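> These are the residues of each chain, in order.
4 protein chains.
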Amino acid sequence: MSGTWGSKIKLSIFGESHGAGIGIVIDGIKPGFKIDKDYIMYQMKRRAPGDGKFSTTRKENDEFEIMSGIFNGRTTGTPICAVIRNENTKSKDYEKTKNLMRPGHADYTGYIKYEGFNDYRGGGHFSGRLTAPIVFVGALCRKILYDKNIVIGSHIKSIKDVNDRSFDISDDSLNVKKVEGLSKQEFPVLDSSVREKMQNTILNAKKDGDSVGGIVEAAVVNLPAGIGDPFFDSIESKLSHILFSIPAVKGVEFGAGFDITRMLGSEANDEYYMTKDKSVSTYTNNNGGILGGISNGMPLIFKVAIKPTPSIAKVQRTVDIDKKENESIEIKGRHDPCIVVRALPVIESAAAIAIMDLL
Amino acid sequence: MSGTWGSKIKLSIFGESHGAGIGIVIDGIKPGFKIDKDYIMYQMKRRAPGDGKFSTTRKENDEFEIMSGIFNGRTTGTPICAVIRNENTKSKDYEKTKNLMRPGHADYTGYIKYEGFNDYRGGGHFSGRLTAPIVFVGALCRKILYDKNIVIGSHIKSIKDVNDRSFDISDDSLNVKKVEGLSKQEFPVLDSSVREKMQNTILNAKKDGDSVGGIVEAAVVNLPAGIGDPFFDSIESKLSHILFSIPAVKGVEFGAGFDITRMLGSEANDEYYMTKDKSVSTYTNNNGGILGGISNGMPLIFKVAIKPTPSIAKVQRTVDIDKKENESIEIKGRHDPCIVVRALPVIESAAAIAIMDLL
Amino acid sequence: MSGTWGSKIKLSIFGESHGAGIGIVIDGIKPGFKIDKDYIMYQMKRRAPGDGKFSTTRKENDEFEIMSGIFNGRTTGTPICAVIRNENTKSKDYEKTKNLMRPGHADYTGYIKYEGFNDYRGGGHFSGRLTAPIVFVGALCRKILYDKNIVIGSHIKSIKDVNDRSFDISDDSLNVKKVEGLSKQEFPVLDSSVREKMQNTILNAKKDGDSVGGIVEAAVVNLPAGIGDPFFDSIESKLSHILFSIPAVKGVEFGAGFDITRMLGSEANDEYYMTKDKSVSTYTNNNGGILGGISNGMPLIFKVAIKPTPSIAKVQRTVDIDKKENESIEIKGRHDPCIVVRALPVIESAAAIAIMDLL
Amino acid sequence: MSGTWGSKIKLSIFGESHGAGIGIVIDGIKPGFKIDKDYIMYQMKRRAPGDGKFSTTRKENDEFEIMSGIFNGRTTGTPICAVIRNENTKSKDYEKTKNLMRPGHADYTGYIKYEGFNDYRGGGHFSGRLTAPIVFVGALCRKILYDKNIVIGSHIKSIKDVNDRSFDISDDSLNVKKVEGLSKQEFPVLDSSVREKMQNTILNAKKDGDSVGGIVEAAVVNLPAGIGDPFFDSIESKLSHILFSIPAVKGVEFGAGFDITRMLGSEANDEYYMTKDKSVSTYTNNNGGILGGISNGMPLIFKVAIKPTPSIAKVQRTVDIDKKENESIEIKGRHDPCIVVRALPVIESAAAIAIMDLL
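Chains as they are written, first to last, in our numbering: chain P, 1 to 359; chain B, 1001 to 1359; chain F, 2001 to 2359; chain L, 3001 to 3359.
Incorrect hints may have been included.
Claimed, not checked - Residues from chain L shown here face chain B by an in silico Cβ test under 7 Å; the list is partial: (1) Gly3003; (2) Thr3004; (3) Gly3015; (4) Glu3016; (5) Ala3020; (6) Gly3032; (7) Asp3036; (8) Phe3071; (9) Gly3073; (10) Gly3077; (11) His3125.
Treat the hints as calculated values from the structure; they're not laboratory data.
These numbers were taken from a predicted model, which means no experiment stands behind them.
All residues carry an ideal CB built from backbone N, CA and C; glycine is no exception.
Just chain P, same shape as in the assembly (with noise of 0.2 Å):
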């Protein structure tokens, strides 16, 4: 069992791939918030395939029907319900195949865990399309964090070998409108001489029926000192809980992360400083925001690791879990050759809905 989450609110998800459709229950949020429809598409639009240059050229309906909790258009204060329908779902195609376990899906765990009662088309319980809810209640939770002046924002930090620079505490890509404007970049890098090679990057792979993978950095301004706890509900506990649902994830850091092991504590330490108008600021923030599982005041920085896409056109070497022996496969379809562009707007919701949680 899984599909609830949360302390302060509480999510609850369902749906598989080719069902009749996914969605989310979201509970615990005020009543009277005003629901702002077209900024929940806009997000929501951000993370569908777009135009498929550098994502699946398949369609998906992510049209939501709210079922509940919203009256007059705003928040009732009781559970609230959104359904996307999913169309077009043409289940023939996985009967053929279902007994080839995709390397790097979660075909073979899914059959495992589910005793093979899992529906398998698509990816089923396990596809990506499931993070449309989460888009969804993100996309919610951020407007009212908006509301408290808290902005969540991410760049495209690396597409396999090729970097970006990183948010860096001393320049001004921090505040509150560089920080939203990312995401209304349709490919946000912070340092713009680099997107051609990323874009590069992704179309070579795609060329060769192949796929990369990448790195987001995220920043969370605003949020006011004093959130999250020690033992066991840190805001990197709460988070990483959170980021580590979402299919692709393989890797979660806070600040510098792993780089502040190769530091010296005399380099690591974030020492403090009197602004002027007597708030407590640090020179540097390779704590990224956060000190015992609690919020400093300075922004509040991650970064995530999302693998290659696992749909890839080559041949690959598999079982057949019915026969148990070897074989080999060949993914056909539409497949995205990256998703770190999509996955952008899904990790920001998820930072969101934590913060949401702990607040």
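Could you slot chains B, F and L onto chain P? The hints should help.
Coordinates of chains B, F and L only, in the frame set by chain P:
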């Protein structure tokens, strides 16, 4: 609030560094399980400061008293509570410096969160001392897992910029005996030629009144396929949740982790084959034994980034939170120049606990 | 927040009487369980208004759509979501009276809690209609329990002051067939001679524009000994928690319940004996099959007090919440003169759900 | 598993009657709250056996040690753990009778659930002694509620068939002073003329080696409107959940409870009126201050059925669980002929805890 964790088992942790004592309640352990006190003490000793060469020379009392849940040497099935009393706690020392926020510590975030009412002595509830109850529970869980042939071990992957090699699916470092044997090394590495260089790195930092961090790599072998869940309780989610509650952890990655983002899909995907005895295996293990949040039967591999100990002897810039003025601080006392070695049993314990909760 | 419940299974309920729809997500049901739609519809029909003789003549659409978690007619092991769409919802009617707080309803408490943003139409989220998803899940659970030979049934113990006899451990009314058979009665009583008197009591109240309540007595037979927990998840705790969420429930008692307070200890204690096949039994069942929160293998017996339907045709004194003035209200429409009969499958479902969560 | 409870606060209870000690962890209490040890001890004393006239003459040590979460006499905001050590526990006595299942006790159900590994001495984890930590936490919560002017009190509604009158909305027995004052009575009743008859009923049972039970009626005054939730966390759900974990509780009802089933809707509905200061009130309080699971600002009223103490001196029929034979048992020792008086502070505490969790 944060002190409870878990679904199938429930932990409830409590205590401050200089209060009456620290401890933990664990509920959900099956009745009839024989308690091995020696094994528990052995694991707790690994976490204890040791002879002080690479760690603090401060003595910590780690003797635990079992208050409940054990009868005639076996678990009763009711909640187990273990208490570790604090001793020789020189509280007076802390009075003078209580308003000086130590950089890299949770002094400031704790002050804000708890509105100045937190126990500031020795880090209070944020103290690394709180990891002792985690090791107690971890030892309990490890013994239970051991009966199912599930074994956990870890080694020091790096100290600052000195690197050990990684677990390699193709060599024998991942068999039960070897993994288990790691904990018998005082300073566990896979490639013994790097040990001295690592130790010198620590000693040099110590000499300079500075500190270093590092990376721990852990392996869980013989975890059966089918454990874990997709949204929201993937193995990665559960494990990272508890790992990121451990003080000083700033990054967690599974399998190839951040490195997988630099591979092509065709390299990253772990292709399958049937073994002679008709079980499913993979040629590589870039996914660290987890797909779709669920174990696939391969070794579960993860790495944890430990930041340099924030307590250093060097003078640091900080603020006086009461006077709201800039200040400098020089932290006296016997500090750990590096806590990576002591972190190993804590990380292994966290893994054991997370797995117990998923089984 | 309140919409989620459970440990081993998780429910997430949503919906308003006059919104797009109502529904439920249930997580934690094992894969491979065959869905019996006819059985579910049969149970839902028992809860539906019926022919209107003893209930409202209002038509309610109880057709459910399964959105997820079922594949090829069997559970997949992933969250199951069922949605029931609302139809013919004449919302305009409610506009005029929305500020008049109906006595005995949740209009006022909902208004305060949700700060006036709640959906007031037809009771909104407080509507008895929300019990339909409970019956859906209950039917699922009952079938699973039935495979373990655990059977749940209930009868009308009283309507106003007309009483049926109670389950008696010494007669055969507690065998599987009899308990199960109860649900086949349209108006289930143990002593059929009281049926007509009960029905006349309802019809008289209806004629007077008034309403009546009653007591439901339920039995769970073949529940194995050893289910449930002491602090804090006793069978009584779990069961009462969910029963007291059902609208109109004002009392819950187990075994002899409040009557046990009038016995001597020597009368109340259920003495033990060994049966011929060396299993443990009791001579009496004053404790209703539960000791220390745990089942003892005897039939689990409990009673539930259902208050008279608050919707009555008589003029009642109330307030206008907007104008802050005294007012009178005459509730128009087709009301249930008594909801006890319709409550039976809901109570049985609640029991099935609570037991599923404890097994 | 069962030892944890709560959402906004989290309890974790542990201990056995004859183990090293019993205790509780409570998390989620705000920092800065001043601890009133005298008040806690006063409440714990109410639960303690007393002078033995109406209760056991057994001495119980109820001295608690606060292990954590309190600093300089105030809550720190981190988990509070209190431990009560067990003393003078004559364990040998229990060895001889451990296979004889005491009727009305949890010996048999505990034996089955914990597979014979439970601590059988003095009821082990099922002991009424476990209510001491509940009173500890309850006293903490009551003081916090008291600062919000929310006051809890209770009286003995009945002992066996001797009845006190009920709280009446129209008299002054429900004002803060009177409700609070109840706990200052050693044997709290509303109508003092019934006290002696009740006490004689207890003494007669004692003389006969028998026991009696009774009903406790409790009131919470000044609970603001808007507290609680519909599905699944109604006030009734939360409160009954914790009440039904208290040993010996067999029934819980709110407001008129089971009696409401014998009223007409027009009698049962609590009609509204505006008070002079324009607040909403009701003429009657049959719903006990709760509608739709949410408080309406009227006094919260509930009754709890306490069964006769199962420990009686009379010979009873039972089984030897080891030999699987019929046996007789004569329970030696100093028993409570009635635990209703001692149950009052426990029930009030449970109410305080449930309300704290909902506020």
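> Quick check: which numbered hints come out false for this structure?
7, 9
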